[in-house]
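So the protein lines, in turn, are chains L and V. Residue numbering for the first sequence is 1 to 399, as defined by my numbering. Residue numbering for the second sequence is 400 to 798, as defined by my numbering.
Warning: the hint list may mix true and false statements.
[What the hints assert, rightly or not] Result set (DSBU-like, lysine-lysine): computed pairs, CA atoms no more than 35 Å apart in a straight line:
#1 K709/V <-> K12/L
#2 K455/V <-> K349/L
#3 K709/V <-> K654/V
#4 K255/L <-> K306/L
#5 K521/V <-> K558/V
#6 K157/L <-> K654/V
#7 K696/V <-> K749/V
#8 K401/V <-> K56/L
#9 K654/V <-> K349/L
#10 K255/L <-> K401/V
None of these hints come from the bench; they were simulated from the model.
Number of protein chains: 2
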Amino acid sequence: MKTLREEMPALKNKTYFNYGGQGPLPKLSLNAIQRSWLRIQELGPFTNDVWPYIAKEISSTRGILSDLCGVPSNRLALTENVTSGCVLPIWGLPISSGERILISDCEHPGVVAACKELARRKDLAIDFFSVQRIRYGLKEQEAKNEAIITSLEKGIKRKTRLVVLSHLLWNTGQVMPIPAVSKLLSNHPNKPFLLVDAAQSFGQLPVQEAASSSDIFAFTGHKWACGPEGLGGLAVSERIIEEANPTLIGWRSLKNEEIFNENLQDSFHLDSRRFEVATSCIPLLAGLRCSLELMEKEGSAKTRIKLIRKLSTQFWEKLQALEGVTPLLNGPPEAGLVSFVLDSNYSPKKVVKKLGEKNLWIRDLGMPSCLRACFHITTQEEEVIALIDALQNIIKGKS
Amino acid sequence: MKTLREEMPALKNKTYFNYGGQGPLPKLSLNAIQRSWLRIQELGPFTNDVWPYIAKEISSTRGILSDLCGVPSNRLALTENVTSGCVLPIWGLPISSGERILISDCEHPGVVAACKELARRKDLAIDFFSVQRIRYGLKEQEAKNEAIITSLEKGIKRKTRLVVLSHLLWNTGQVMPIPAVSKLLSNHPNKPFLLVDAAQSFGQLPVQEAASSSDIFAFTGHKWACGPEGLGGLAVSERIIEEANPTLIGWRSLKNEEIFNENLQDSFHLDSRRFEVATSCIPLLAGLRCSLELMEKEGSAKTRIKLIRKLSTQFWEKLQALEGVTPLLNGPPEAGLVSFVLDSNYSPKKVVKKLGEKNLWIRDLGMPSCLRACFHITTQEEEVIALIDALQNIIKGKS
């Protein structure tokens, strides 16, 4: 049997560290997508014969994703990408003029811009709280969590109604204590909703605790889960289903897609499907399920994150030992993302380009300006060493 | 060389009349999708090497779709489905409390529900105008167009700010005179926006005139264009780009996805991309382009609609001659959709089921309650006859 790494055509011809941008798609997952397409053509595409197949594709995928999130499947919606999952539910939240949105300083600019536009239209105020400057290593998790809670407590106001925080920060690579944040918010008199961007955690860390304690927990299948691009998911709390209205409405949001319901509120599904929209690419579901199964075969989520940490820690330690490199974190990383700043004549963009010429792929980030390498269970130790060597050559001006 | 029909696995084992639900995907298009996926893995998935490939995939697809719509490519956005295309831009329209939305009585319940939710939140009123009861045949196009304009004139009010009308009605199969509607609206003092749902026309009719005279012209690639599910497009007017704000905001809506722009309005693309969201399935683009090319090889859009009309007219004429069937249209159809009511002991849903048992696939509709068969350039005359025979047997109680 092939290893997961051997199943990935993308890893055959390059040294790859951009799992946080997009994960490689296993050939078996691509085959599963292809087979699903052919099955839909054989049974349909639009016939009574194909509906049971499509219904089963959807329900089994929702089942697997909701299990991973630790929520019942009626609280799991399928989305096109993580941004849609973050942004769709916030437009229909019960939030009034004068209330406030509190956003961490490590959120993705897309989500921040959506919050700003929401604030502009509904006359809300936006506050930020800092998590970027908190940079403890794995062994100081407790101190890190305390510092985050303290920062949140400083930022939160009486009128805060929505808090936005990633599960795993895309720049520093730190894990946020989502259950503790959720607990703090539940004791706040204005009962703020908690939106969690899980773009970097899903497929990398166990997410049950974070997902089941968030109001909106949005993720994508195409990064650490190594599924196809164009498919993600969204776990929502009971409160979101009861109190938030759908905004981007289509046939999938509706109980009956063929007949108008006079009462608008009665038109919508009474579960997470009210945040789904219309036709999407069904064959992708088989691809994501296949990738998740392949991942599971390599070990449980707990086993996998240990392996990931082993690799990222090796890299972080070697970085520490290099002159002219400053890792963003003060200790070994909690997960597979390691960001760092290089003393070099080259801009981060130029460093990415120079490494790319040697077929080593990392990315640069803008806020803070830095470089980021990601390590997954498919990473090999020789790759870690190759990256360190290449960085050393750049610093020494040999490359 | 194989004909388009021979390229479609879905047509090999069934008699198919649901092109208006979903078109069959040619095997060559599926191969193109597969190849694109492998190419992305070979070059990427997230590397400097893959960006030029992805940029070219996007720009060539936008180019083809914008040509088909007769608009410059900076007014063409890619979407996941037709509903997203219809609904996304309306949430950011400049429309004020007390203004009104005028909707035809043949619109899809998803779009209607979205308008109702928009109206509820922004304190707008909703009016309907009837086009469903206008049922002229192909030879009375002028009378039909006049009747539609008269109905619209009756429905429109001083405060109407948005008009919603399909290009090709999904139930009666009539073509709406979009350029004439657009002209009428441009003379209205409140300058209403025109939203056109082109789910049934794109890939079936030439759409340039309608698309370039609409404010929002939304379509999907997976129905009459026989592309993959999960990819559609949206042509918008200059006015929409200038006056409407994006709502479902993600990295694709932003000029710079890595850094916040302090000024929100400066953050968004100054073209149709402001209505795009985030990561979607790039390989689908190659599939849609392949289907559109295969279609073009069978003849120009004008040639193709003539062939489609020939087949739908044959069917309509045979229906006319049957006892116990009433076609919705009073004359031969303008396009490939033919709806009818059957005098039978069976409900429309039951008729669909009984035909399906014979491997003939049509669909039932709810408003008005009827049956609908679609004819495309891949339909064969023997299939038309087989459907008529099967309907006759149902009416006679032989089936």
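Hint check results:
no. : hint              : in the structure
1   : K709/V <-> K12/L  : violated (53 Å)
2   : K455/V <-> K349/L : holds (22 Å)
3   : K709/V <-> K654/V : violated (48 Å)
4   : K255/L <-> K306/L : violated (44 Å)
5   : K521/V <-> K558/V : holds (14 Å)
6   : K157/L <-> K654/V : holds (32 Å)
7   : K696/V <-> K749/V : violated (38 Å)
8   : K401/V <-> K56/L  : holds (34 Å)
9   : K654/V <-> K349/L : holds (17 Å)
10  : K255/L <-> K401/V : violated (42 Å)
Violated hints, listed in ascending order, are 1, 3, 4, 7 and 10; each of the other numbered hints is respected by the structure.
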